[in-house]
Amino acid sequence: MAEFTDRLAEFVVAARPGAAALEMMRLSLFDWAACGIAGRDEPVARITREMIADEGGAAQAHVFGGGAYPVRAAALVNGAASHALDYDDTHFAHIGHPSVAVIPAALALGEQRQVSGAAFLEACLIGVETSVRVGVWLGRAHYQAGFHQTATAGAFGAAAAAARVLGLSADRVADALGLVATRAAGLKAQFGTMGKPYNAGIAAASGVEAALLVARGFQPERGALDGPLGFGDTHHGVADISALEGLGQIWQFEQISHKFHACCHGLHAVLEAAMDLSDVAAEDIAEIDVVTHPRWMTVCNQLAPMTGLGAKFSYGTVLAMRFLGYDTARLDSFDDAVCQDPAVRALRQRVRVTADEALSETQAQLTLVLRDGSSRGAAHDLNRPMPLDVRRAKLRAKGEALLGEAQADRLWSLIEGDAEPGALGAAICR
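Residue numbers (the numbering used here): 92 to 521.
Careful: at least some of the hints might be erroneous.
[As the list claims (entries may be wrong)] DEER-style ranges, computed between Cβ atoms:
no.	residue 1	residue 2	range
1	D145	R462	20 to 30 Å
2	V371	A144	30 to 40 Å
3	R475	D432	42 to 52 Å
4	M366	E496	32 to 42 Å
5	D367	S504	32 to 42 Å
6	M388	D432	20 to 30 Å
7	G148	R475	38 to 48 Å
8	D426	L479	26 to 36 Å
9	D262	R421	28 to 38 Å
10	G147	D423	30 to 40 Å
Simulated from the structure, these hints should not be mistaken for laboratory data. Idealized CB from N, CA, C, for every residue including glycine.
My request is simple: use the sequences and hints to build the entire structure.
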């Protein structure tokens, strides 16, 4: 009845990751930590941190921005803070951001339980892989119905990572996955607001809670993910059993995509295409035509956002910014003032976005119609292979831009050396 849950549970207990997958996890761990440190003063991070500080409790795990708190509370804050800038990794098959829901759960419990750095890294990887597999199993229908896969699939990944840290048996892992099914939540309606990163925090905290309750003997309905009236049935899941293919041998997380623009990942392909046309002056542009996959039309096609957060979900705004000389890789480019810039507002009105199912979700086509009647075009696919050394260099540069060279160097050294969760927690707390 619960074949999908049972297979995932066996994977969580028995998986022995290979070197390539672990190295990709290190890179995402560095990226996650850099994004969280840089986002520690964002309103969603500050507000959630103030809330848990008021509640108090055992000093079990550190949070971005300072302080140590109970593990569930720490997971909530660190999930929200690390997604606050929307600059963290994305997996397109999963349809979401795996690291921001999973790493906070593994880090909080790993710090409390004082596990080794190697065990912590494995738990992170197994959790994000579980999240990706659940995301594929739920499929596009779940996402198109309005659910935020980062949070929904992410809650199962967080529970898997927490269960791995706790050393639960396969039966108990299955129970944790069943229990978190009743807590998994998150809506796309929150996109463009503080509610979006909060969704990631909810997922992380829910995963910790489910694993801890099961470890204490809590008995839930084990089939609440894939059984009758379970999460898949009630949340528009397509139950794509191909999500189990190669589980334990093939690590889908190795196909993770890291962000090098400080906005929704759905905008990155067209921004990369725009970089190929950077010699075109904004005043020479009569019209900008974008062709994208239909999925992105309801995600990042806000026509006239009035806030910096909203600008991160707007084809028209980011392309206007790009051609007007704003650096879309910089966090400070996305503030409320950019939406009030008369030049940005005028140019974004000349952006037309259409959908084409013939394109993949990682592709975009861009055409500039110039005032002299000529046109220029470019296209980009985010799935274009990126050599590991290039990815490492780009992420290292991103970390330095977010944190400064000295802090980025310290963080890089900790993660490359598989530091224990306590050391990493102390580093992100500063």
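Hints, verified against the model:
A beta carbon spacing of about 57 Å between D145 and R462 contradicts the range 20 to 30 Å that was offered as a hint. Between V371 and A144, the C-beta spacing of about 50 Å breaks the proposed range 30 to 40 Å. For the pair R475 and D432, the beta carbons lie near 32 Å from each other, so the given range of 42 to 52 Å is not met. The hint said 32 to 42 Å for the Cβ distance between M366 and E496, and at roughly 25 Å that hint is violated.
For D367 and S504, the Cβ-Cβ distance of about 36 Å falls inside the hinted range of 32 to 42 Å, so the restraint holds. The supplied range of 20 to 30 Å is met by M388 and D432, whose beta-carbon atoms lie about 25 Å from each other. For the pair G148 and R475, the beta carbons lie near 47 Å from each other, so the given range of 38 to 48 Å is met. D426 and L479 have their C-beta atoms about 34 Å apart, which keeps the hinted 26 to 36 Å range intact.
Separated by about 49 Å at the C-beta atoms, D262 and R421 break the suggested range of 28 to 38 Å. Between G147 and D423 the CB atoms are about 34 Å apart, so this pair conforms to the stated range of 30 to 40 Å.
In terms of the numbered hints stated before, the structure departs from hints 1, 2, 3, 4 and 9, listed from lowest to highest.
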